[in-house]
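Line by line, the protein sequences are chains A and B.
When you line the first sequence up against my numbering, it's residues 1 to 317, in that order.
When you line the second sequence up against my numbering, it's residues 1 to 485, in that order.
Hints in this document: simulated from the structure, not taken from any laboratory.
Take every hint as true, because none was put in to throw you off.
Cut-off 20 Å, straight-line C-alpha distance, at most; resulting in silico cross-link-like pairs (EDC-like, lysine to aspartate or glutamate): (1) Lys-402(B) with Asp-361(B); (2) Lys-49(B) with Glu-108(A); (3) Lys-402(B) with Asp-359(B); (4) Lys-49(B) with Glu-116(A); (5) Lys-329(B) with Glu-415(B); (6) Lys-329(B) with Asp-108(B).
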Amino acid sequence: MLSRHAEDLFWAGRYLERAEDTARMLDVTYHGLLEGGSSDSEGAWRTLLEALQLAHPFYATHPQVSPRAVAEYLVTDVAQPSSIVAAIARARENARNVREHLSTELWEALNSCFLELRARDLPGELATQPHELYRDIRTRCHAIAGAAAETMARADPWRFLLLGRLIERAEMTCRMLRVRAQRRETRASFHDFLLVLNSVSALEAYTRAHGADIDPARVIAFLLLSPDFPRSVLYCVRAADGVLEQLEGGVPTVRPRRALGRIRAELEYQDADELRAYGERSVLDRAQAGIWEVAELVEESFFASGPTPQRHIFGSP
Amino acid sequence: MPRDRLPGYQRAAGFDEAVHESLEVRSHYAAVFEELERLDARELASREKLRDAIFRRLGITFAVYGDSSGAERTWPMDLVPRILPASEWNAIERGIAQRIRALNLFLDDLYVGERAALRDGIVPAWLVYSSEGFVREAVGLPAPHGARCVVAGIDLVRGEDGVFRVLEDNLRTPSGISYVLQNRAALTRVLPRLSARHRIRPVHHYGSSLLAALQSLAPRESAGGPRVVVLTPGIWNSAYFEHAFLAQQMGAELCEGRDLVVEDLVVYMRTTRGLERVDVIYRRVDDAFVDPALFRADSVLGVPGLVCALRAGNVAIANSLGCGVADDKAIYPFVPALVRYYLGEEPILPNVETYLLWDEDQRDAALARLDQLVVKPVAASGGYGIVMGPQATAEQLEICRKEIEADPRGFIAQELVQLSTHPTFVDGRLEPRHIDLRPFALTGTRTEVFPGGLTRVALRRGSYVVNSSQGGGSKDTWILEEGLD
Chain A
1 MLSRHAEDLF WAGRYLERAE DTARMLDVTY HGLLEGGSSD SEGAWRTLLE ALQLAHPFYA
61 THPQVSPRAV AEYLVTDVAQ PSSIVAAIAR ARENARNVRE HLSTELWEAL NSCFLELRAR
121 DLPGELATQP HELYRDIRTR CHAIAGAAAE TMARADPWRF LLLGRLIERA EMTCRMLRVR
181 AQRRETRASF HDFLLVLNSV SALEAYTRAH GADIDPARVI AFLLLSPDFP RSVLYCVRAA
241 DGVLEQLEGG VPTVRPRRAL GRIRAELEYQ DADELRAYGE RSVLDRAQAG IWEVAELVEE
301 SFFASGPTPQ RHIFGSP
Chain B
1 MPRDRLPGYQ RAAGFDEAVH ESLEVRSHYA AVFEELERLD ARELASREKL RDAIFRRLGI
61 TFAVYGDSSG AERTWPMDLV PRILPASEWN AIERGIAQRI RALNLFLDDL YVGERAALRD
121 GIVPAWLVYS SEGFVREAVG LPAPHGARCV VAGIDLVRGE DGVFRVLEDN LRTPSGISYV
181 LQNRAALTRV LPRLSARHRI RPVHHYGSSL LAALQSLAPR ESAGGPRVVV LTPGIWNSAY
241 FEHAFLAQQM GAELCEGRDL VVEDLVVYMR TTRGLERVDV IYRRVDDAFV DPALFRADSV
301 LGVPGLVCAL RAGNVAIANS LGCGVADDKA IYPFVPALVR YYLGEEPILP NVETYLLWDE
361 DQRDAALARL DQLVVKPVAA SGGYGIVMGP QATAEQLEIC RKEIEADPRG FIAQELVQLS
421 THPTFVDGRL EPRHIDLRPF ALTGTRTEVF PGGLTRVALR RGSYVVNSSQ GGGSKDTWIL
481 EEGLD
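Could you build all of it, start to finish, from the sequences and the hints given here?
Structural data, given as structure tokens:
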């Protein structure tokens, strides 16, 4: 398929995942505070900003952290490229560029999500019923993902869309775990890690595997290493590798797959007890750096084929 | 029981497509109005809402140039379909096929032939050579089976006398066919009972016919069939939706200029697997932007080196470069003569009476009654630059007169055709609105005219302006199967 289209699909996948994950994290932060586990409201919102690596840009435009300011920054701020509204708008813009590669159902789901968010009074809803809004966004993102999964042929357009989602998701999980691991070294809290599990819908899966004992090290190990849970880093990395393997014949997949393989090997041969004993930081750092490298290699290998366009042939300046 | 009157419908002067002068409903419309009658105001409003939701969800919108407020508007389709019985359509179909055959012969004659029509005085040579649409760089470029204008849209209007006339030919990059297909799909969903009572000639095979016509142009045999791509100016073009739709219908890649590259006189596209060869380009980019190496160097929409690849015969393009000379409005008055000249047949579809303003006598005659005529710039399309005499102010007419006197080759004047009207929903009531018809024809190894076409509606009362870029609407257009008139 066209390089430009593959790139648009890849980024549509990334933006969709970013919107969904942001809504998830906002929801659990808000809920965690409501349920009263932590009295440090400001700290919880700051953690969220740090997890999303948006703390610096946030402080550049906002004097202080308030629940309202953070929520608006992450949901409705169109000037903030990672806000939910901006991410959905970009996903839709990218999808519009490749409209002919999408199933009608997928386009309709994405377009109606965009139109509805634009029509709604989001600041009002954030003030009165944020949970409903976050749940709605998540449900709509699932509807989009569902439409894609159920109606797109398993061909390259589907694969690039999926690849974008998996890479974004792996990175998001990594980011969130890094912030928590950092905190853990100072003040671990049962409640914090309950939130972490909740934010990726992993509480049930974790409890089934490990019982109701919310042990920070075990939570980190689970979300990093679980081979079965679809939001764990290892799961995403393996799935991304599977997608690359299936790309249609003759595609230059060697370099991104080599980088993925390195992360995979480190995580697959990781021992949960060792991880606990030596600290998770270095493993998480390497995993995140590895995922960045994969994203770059995907760009280089698939999106930049052929010579640079020669716009002026006959000696015009 | 077929009904004979439309209650409350105020028929306008002129030809009404659905209602006789006696106010009786034409028989081929009886069933449709019987069904529409069943809808009360609430039901009608809810169907219109459903229609809007369908178009909005599908993203069927169009851009309006020079309108900064809303970049996109939903496609306005009226719920009353326009119906033509087979007997009427058959003549239109033959007339358009005949016209396209003659125009393609004319184009081939100009670009690769001996210019016989100029030599024999059918069309003045200076008119051709002074046409903006005549592309010197295209002289000698091959076109398989003489299919230069592969996709054509011919605008027809029906006057007071009930006769269909050709208002203009669109031979460059005519748009609108996607709306034909979507109107049909939408109306079938919104008012299923309406179409259930008729046998309507289908249009959904357009994509496969277009692909077949394009593939027939391919310069080489290749395993798995020739590779066809659609070349679009990009997402901001007003017809982008259509470009994407057609690419999807054909299973072809939708390319922008930056996706294509010419190396060693061969066109390739940049893919995730590296460069892949392209055989046929269905381009929706204007001539002047197609190849920045040869035409406008500032164009980022085109592919540098494309014309050299065409000349080498390594790739085919549709429509060919330079088709615009044949739809130049100053050439238009000669098309009936071209039909006689190339085909030895009488033209089936007449032209609208036209004044050649470079001819002194005709110019004087036209200037004397400018307030009754329609003046059009010869090279524009989309309704831009048109002056409607009866509605223009004295000042506008004076400006128009000066422009004509300064550049008589640049304009034509035509008799104002009292466009036929059609019952159309306006705020829940049926009112007459002026309409036209743009059927589409495909030419590969032969010419195929698609049943129906795009019916455009001037939504303002009394207005004759049907262009969607200027606030026009549309109707699903039905051609009834033979024997059901």
